Amino acid sequence: MDADLTRDRALLDAFRRGERAALERVYRAHVDDVVRLFRHGFVAGEARVAGLGDLDRCLELTQDVFLRAFSPAARAGYDGLRPYRPYLLRIARNLLIDRLRAGGREVPLAAVADGPEAEARLFPPEVPEPEADLHRQRLKEATQAFLASQDAELQRFVTLRFVEDRSQYEVLEAMAVTRRRVRTLERRALEGLRAFLAARGLP
Amino acid sequence: MSNEPTDRELARLLSGRDGPSVLDREAVFEGVMAGLPAPPRRRRWLALALPLAAAVAALLAVTVRPPPDQAGTFTPRGAEEPGLGLSCVRGTAPAACGPGATLLLEVTPVAERTHFAAVARRGDGSLLWLLPEGEQPSAPQAGLLERGFVLDASDLEVFGLFTETPHTRGQLAAALEGGLESTPRVTVVRRQLPGAR
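Sequence order for the protein chains is A and B.
Quick note: the first sequence uses the working numbering, first residue 1, plus one each step.
Quick note: the second sequence uses the working numbering, first residue 1001, plus one each step.
Please note that the accuracy of each hint is not assured.
Unchecked claim - Just some of the chain A residues that point at chain B, by a computed CB distance under 8 Å:
| id | residue |
| --- | --- |
| 1 | Q63 |
| 2 | F70 |
| 3 | L134 |
| 4 | L154 |
| 5 | R161 |
| 6 | Y169 |
| 7 | R194 |
As the list claims (entries may be wrong) - If you anchor each label on the Cβ, the simulated ranges turn out as follows:
| id | chain 1 | residue 1 | chain 2 | residue 2 | range |
| --- | --- | --- | --- | --- | --- |
| 8 | B | E1112 | A | D33 | 23 to 31 Å |
| 9 | A | R9 | B | P1184 | 17 to 25 Å |
| 10 | A | E170 | B | E1112 | 42 to 50 Å |
| 11 | A | E170 | B | P1140 | 39 to 47 Å |
| 12 | A | A73 | B | P1184 | 21 to 29 Å |
| 13 | A | A73 | B | E1177 | 41 to 49 Å |
| 14 | A | E60 | B | R1017 | 30 to 38 Å |
| 15 | A | E60 | B | D1152 | 22 to 30 Å |
Stated by the list, open to error - On the chain B side, residues computed to face chain A include the following (Cβ under 7 Å):
| id | residue |
| --- | --- |
| 16 | A1011 |
| 17 | F1029 |
| 18 | G1031 |
| 19 | V1089 |
| 20 | R1090 |
| 21 | E1146 |
No lab work stands behind these hints, which were simulated from the structure alone.
Note that the structure is predicted; figures quoted are calculated from it, not measured.
Idealized CB from N, CA, C, for every residue including glycine.
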């Protein structure tokens, strides 16, 4: 989603006023990068800082990052000239370092230093996770089987809503259905999958 | 995953990715909005209301009156009463309505009155427009509205305003004839915030 605060003056003004729609645009544009930093860590100079891995912990910290970045003082202090992403990731990086230190882990000094190099090499190369977790693999296969057993409407809904990450409103526009229908489809997808997994002894 | 997978865990499976799902992202965002110290919506409502001061004045006038007696409200002959349900969430979890919670509206229109607007009245009598936005006209609504409203008080009454055609705030104020009771052009449904006195 395009949400460039340095080029979109109207967005910047709305963001500074704290308008929900503007905050949501900025959030959606950057949330995945923040989560990724917490999960996989970052590289600064020659130092690599490991991430936390656990997604739920990462999401908690992600909420903290945006709470700080979206506070009235932080919004007012953002000048709209510097790119927003490095600013946001700097908050995330410092929060991760604090969390690691609080857990008794050492953090290389090079990772703590601020500078353009640290920002430029924020993420380590992506390494595909091995499918060693048999249980997770079974869950994935069962989910595919569940989807294959559903009608075309539900399959399309799942693609739009869960694969493409669209909001309920975006989905209802794309499918030309009512809000009530979208909610029904969402319940069908989630409760149907829950029952499907339970019937197979999963999880 | 625990014995009973949560919606968010199921959504991750449905996404086919090893990462946050759309429900995760939405829950985190709602948590952020609920945690911000000053809900921005109030100031925004007020800012939007100022240019409409003349039109809103008629509505404001009712704030010094006693609450309207619902038994005496006007209901169009032969028409069913439209419905308005109020509930609150924090993140995606149901919650008591109070400061920081997000108020959700569930609208049940009737055939003659499909366009929906809403006004909230605080304990001090001040009025805040919930819908429609700014100078937009009201729109047909049904079911649980996607948009929520972050609360900064618990002593609110919410008034659903149902009309046959689109109305701006100013037009609604005129159609309400200076009150917050049903008129021939507007069906008003009044609801107390759940848990409020």
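We went through each hint and held it up to the structure:
1. Q63: 5 Å, holds
2. F70: 6 Å, holds
3. L134: 13 Å, violated
4. L154: 11 Å, violated
5. R161: 6 Å, holds
6. Y169: Since chain B brings a Cβ to about 5 Å from A/Y169, closer than 8 Å, the hint holds.
7. R194: With a minimum Cβ separation of about 6 Å from chain B (threshold 8 Å), the hint on A/R194 holds.
8. B/E1112 / A/D33: 23 to 31 Å: Given a distance of about 50 Å, which is not inside 23 to 31 Å, the answer is violated.
9. A/R9 / B/P1184: 17 to 25 Å: 45 Å, violated
10. A/E170 / B/E1112: 42 to 50 Å: 31 Å, violated
11. A/E170 / B/P1140: 39 to 47 Å: 19 Å, violated
12. A/A73 / B/P1184: 21 to 29 Å: 50 Å, violated
13. A/A73 / B/E1177: 41 to 49 Å: 45 Å, holds
14. A/E60 / B/R1017: 30 to 38 Å: The hint (30 to 38 Å, Cβ to Cβ) is violated, given that A/E60 and B/R1017 are roughly 20 Å apart.
15. A/E60 / B/D1152: 22 to 30 Å: 25 Å, holds
16. A1011: Holds, because the Cβ-Cβ distance from B/A1011 to chain A comes to roughly 6 Å (cut-off 7 Å).
17. F1029: 5 Å, holds
18. G1031: For B/G1031, the interface hint holds, since the closest Cβ of chain A sits about 5 Å away, which is under 7 Å.
19. V1089: Violated, because the Cβ-Cβ distance from B/V1089 to chain A comes to roughly 14 Å (cut-off 7 Å).
20. R1090: 12 Å, violated
21. E1146: 5 Å, holds
The structure fails to meet hints 3, 4, 8, 9, 10, 11, 12, 14, 19, 20 from the earlier list, while all remaining hints are met.
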